[in-house]
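Asker: These are the residues of each chain, in order.
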Amino acid sequence: MLYVKSGRSRDDLVVRGARVLDPVEQIDAVCDVRVDRGVVAQIGANLETNGHRVIEGEGLVLAPAFVDPHVHLRVPGGEDEETIASGTAAAAAGGYCALLAMPNTDPVVDSAAVLGSLIEDAKREAAIPVGFLAAITRGQEGSELTEMVELAQQGAAGFSDDGRPLVAPALMRRALQYHGISGRRLALHCEEPTLSRGGQMHEGAVSAELGFTGYPSVAESVMVERDLSLAAYEEQPLHLLHLSARESVDALRAAQSKGVAATAEVTPHHLCLTDEAVRTLDSNLKMNPPLRSADDRAALIEGLRDGTIGSIATDHAPHARHEKEVPFEAAPFGVTGLETAFAAVHTYLVEPGLVPLETVLERMSAGPARAYGLDEPRIAVGAPANLVLLDTAASWRVEESGFRSRSANSWLLGQRVTGRVRLTVAAGRTAYES
Amino acid sequence: MGEIHVMREGFLPPKPPPRRHLISIGDLERDDVERLLATAGSFSRSLEREVKKLPTLRGFTVVNVFYESSTRTSSSFELAAKRLSADTMSIKAAGSSVDKGESLKDTALTLGAYDPDVIVLRHPQIGAPQLIARYTDAHIVNAGDGKHQHPTQALLDLYTIKEELGRLEDVHVAIVGDVLHSRVARSNIQALSLVGAKVTLVGPPTLIPRGIEALGCEVSHEIEAIQAADVVYVLRMQQERMAKGANYVPSLREYTARWGVTPGRIRPGQKVMHPGPMNRGVEIDPRVADAADALIETQVRAGLVVRMAVLYDLLTTGPVPVASPEPLEVA
Chain Z
1 MLYVKSGRSR
11 DDLVVRGARV
21 LDPVEQIDAV
31 CDVRVDRGVV
41 AQIGANLETN
51 GHRVIEGEGL
61 VLAPAFVDPH
71 VHLRVPGGED
81 EETIASGTAA
91 AAAGGYCALL
101 AMPNTDPVVD
111 SAAVLGSLIE
121 DAKREAAIPV
131 GFLAAITRGQ
141 EGSELTEMVE
151 LAQQGAAGFS
161 DDGRPLVAPA
171 LMRRALQYHG
181 ISGRRLALHC
191 EEPTLSRGGQ
201 MHEGAVSAEL
211 GFTGYPSVAE
221 SVMVERDLSL
231 AAYEEQPLHL
241 LHLSARESVD
251 ALRAAQSKGV
261 AATAEVTPHH
271 LCLTDEAVRT
281 LDSNLKMNPP
291 LRSADDRAAL
301 IEGLRDGTIG
311 SIATDHAPHA
321 RHEKEVPFEA
331 APFGVTGLET
341 AFAAVHTYLV
351 EPGLVPLETV
361 LERMSAGPAR
371 AYGLDEPRIA
381 VGAPANLVLL
391 DTAASWRVEE
401 SGFRSRSANS
411 WLLGQRVTGR
421 VRLTVAAGRT
431 AYES
Chain G
1 MGEIHVMREG
11 FLPPKPPPRR
21 HLISIGDLER
31 DDVERLLATA
41 GSFSRSLERE
51 VKKLPTLRGF
61 TVVNVFYESS
71 TRTSSSFELA
81 AKRLSADTMS
91 IKAAGSSVDK
101 GESLKDTALT
111 LGAYDPDVIV
121 LRHPQIGAPQ
131 LIARYTDAHI
141 VNAGDGKHQH
151 PTQALLDLYT
161 IKEELGRLED
171 VHVAIVGDVL
181 HSRVARSNIQ
191 ALSLVGAKVT
201 LVGPPTLIPR
211 GIEALGCEVS
221 HEIEAIQAAD
231 VVYVLRMQQE
241 RMAKGANYVP
251 SLREYTARWG
261 VTPGRIRPGQ
271 KVMHPGPMNR
281 GVEIDPRVAD
291 AADALIETQV
301 RAGLVVRMAV
311 LYDLLTTGPV
321 PVASPEPLEV
331 A
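Chains Z and G, in that order, give the protein sequences. Using the numbering used here, the first residue of the first sequence is number 1, and each one after it goes up by one. Using the numbering used here, the first residue of the second sequence is number 1, and each one after it goes up by one.
Just so you know, not all the hints are guaranteed correct.
[What the hints assert, rightly or not] Which chain Z residues face chain G? A few, computed with CB under 7 Å, are given here:
(1) A208
(2) E209
(3) G211
(4) Y233
(5) L281
(6) E325
(7) P327
(8) A330
Honestly, the hints are just simulated from the structure, not real lab data. Cβ atoms here follow ideal geometry from the backbone N, Cα and C, with glycine treated the same way.
The task is simple: from the sequences and hints, build the whole structure.
Answerer: Take a look at the structure:
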């Protein structure tokens with residue numbers, strides 16, 4: 001289900017003296033971690049190095065590496081904006097040991113042939129393990145289901161029409177009924193298109209003042225409520241992509257308490273910003289769903305804290321420079337995020353005391369892995385080494401020149417943030433080091 | 001001799017003032033508005049002379065770039081620049097490189113190569129003036145960007161009200177109609193609030209943007225609410241901005257029946273304004289438009305002197321703080 005460039009040997013290394021923090025394994029101790037041939041071999045004080053390369057971790061945090069369940073790698077069709085090589089290199093620099101790529105490409109990943117060729121490319125190019133979601137409907141056109149069983153056999157990691165809502169309720173119901181036999185998760189982009197039509201930003205006082213057509217929060221929450229009702233009726237699980245509105249979080253919490261197996265994700269930008277930021281008219285603050293009100297943001301943070309929302313997902317959406325160098329209204333939706341996600345969340349949520357570091361680490365790693373049925377990255381003897389070494393005190397300025405991504409449409413450009421990735425080990429191999 | 005003079009800060013060569021633009025009323029302080037209106041007043045008196053042209057901006061270049069159709073705004077800016085002896089050039093999107101797919105950024109770079117002092121821009125998209133400002137060294141005057149702002153319209157409206165009523169403080173203005181699609185309304189709500197006037201928005205709930213009260217205005221859906229105002233400001237029904245099937249109102253007939261400004265709905269002596277172009281018989285009854293209390297042509301005349309004042313102010317007088325993006329708030 002996950003594919004990576006093959007051929008390199010797995011690493012031997014010792015990370016010495018870091019604060020080892022694994023919320024799932026319930027480890028929080030300053031100690032050493034030794035990796036033998038890509039597998040965690042020993043955790044403890046003053047470990048023998050066995051001649052391995054030693055990485056000094058004093059003052060740093062060693063945690064399970066991150067999993068991004070929502071990335072647009074733009075291949076096939078958008079190679080000027082991102083490739084498997086550049087996107088996975090960016091992810092490694094952001095501390096990720098695995099990512100899932102969305103199928104809204106050109107052509108759409110809706111057939112075993114397209115999926116198969118992507119998997120072959122990943123085996124040649126991917127710096128970290130990559131999974132590919134396939135579309136729920138052919139061409140993501142919302143009328144005919146894709147051949148989900150065949151796609152799953154070919155290696156699809158899940159199904160999504162991300163970027164487009166599944167408009168027809170009956171089709172949504174069929175997808176819920178049928179996808180179960182594929183053994184893969186459905187991931188829903190919840191947007192009622194007649195309510196969001198023409199919408200440029202969150203509908204509220206800021207859009208009223210700036211004159212933008214509003215994209216109301218209810219455009220999301222009515223679809224969240226519909227999909228949760230259908231999932232409850234069909235007794236099927238589902239994953240809700242990039243939640244942005246309080247009403248969506250409330251509906252999800254209520255459904256979960258009734259036993260619906262629904263998971264959800266939230267992006268760093270929705271956790272960090274509100275629609276007030278759009279006053280700058282910076283096209284790198286234009287995304288779908290849009291940045292919402294302070295109250296919505298508070299609900300997302302609360303949902304992340306209490307576990308209603310189990311995953312932080314970047315929705316990394318690279319765009320060519322000329323596409324974003326236009327008036328806000330003409331710009332496409334989407335911002336990059338792989339290389340800044342931890343720093344953003346650390347700066348905006350952990351440092352001000354809104355969310356504990358442990359929670360952020362869990363929601364960036366085990367949470368998304370669980371949502372898609374992937375192995376959770378763990379710091380445990382015998383587990384494959386999926387590790388991130390974080391310098392939570394490092395302050396740095398986000399600059400275009402520092403990106404490994406082919407695109408630089410980041411909302412953080414020019415800003416100073418704290419929290420930096422020093423080392424990423426993905427599937428036993430060092431994928432990034434600074 | 002022998003004394004040591006410590007050079008105070010004031011003796012250091014002054015830094016060049018920040019390049020100023022007029023993009024949004026939100027960029028202005030009350031002082032700026034009052035100065036602009038006073039300047040417009042003095043230009044108004046100068047236009048009463050036999051020779052109407054002033055040498056003030058000789059040698060400056062003003063480029064008008066209009067991506068949307070316009071009669072009064074473009075002609076008003078052009079004449080304003082000419083009255084001040086500036087060189088002018090007008091570019092319309094139709095027939096220009098825009099038709100060939102040129103991006104706004106490239107148009108800005110191209111125009112910038114001529115070193116214009118002012119670029120007057122009308123564009124259908126919000127944020128276009130900021131983009132042009134980023135890629136040229138000219139002062140930018142926003143002559144309308146989508147549904148966002150039309151600051152010179154609001155200034156000429158303030159000028160008109162002040163000339164007619166002798167004050168702005170505590171004047172009550174009812175803005176009637178399609179607020180949702182109106183940049184004029186947005187600029188006017190901000191401008192009127194800035195100078196201490198009271199604003200009531202009147203129109204169908206579908207055409208009043210949700211959350212607009214945060215700008216400090218009141219909202220009513222009853223046309224009777226205009227009765228209490230000193231000035232009734234009628235907005236055009238912007239059907240060109242309404243998507244087919246959007247159903248903002250069931251029909252123009254019903255809109256006019258319920259919210260049209262008719263002789264029976266206004267008080268004698270109540271002033272009536274409209275930014276033009278009017279849909280006679282839709283939002284405004286022709287009898288109201290042509291009545292003595294209608295200030296519609298006065299607004300057009302005010303437009304000329306106010307735009308002269310804006311050009312003059314940007315190119316000559318003291319700094320108006322340029323709105324700079326606030327740093328993004330942490331937490």
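Asker: It remains to establish, for every hint, whether it holds in the given structure.
Answerer: Hints versus structure:
no.: 1; hint: A208; verdict: 4 Å, holds
no.: 2; hint: E209; verdict: 6 Å, holds
no.: 3; hint: G211; verdict: 3 Å, holds
no.: 4; hint: Y233; verdict: 32 Å, violated
no.: 5; hint: L281; verdict: 4 Å, holds
no.: 6; hint: E325; verdict: 5 Å, holds
no.: 7; hint: P327; verdict: 4 Å, holds
no.: 8; hint: A330; verdict: 5 Å, holds
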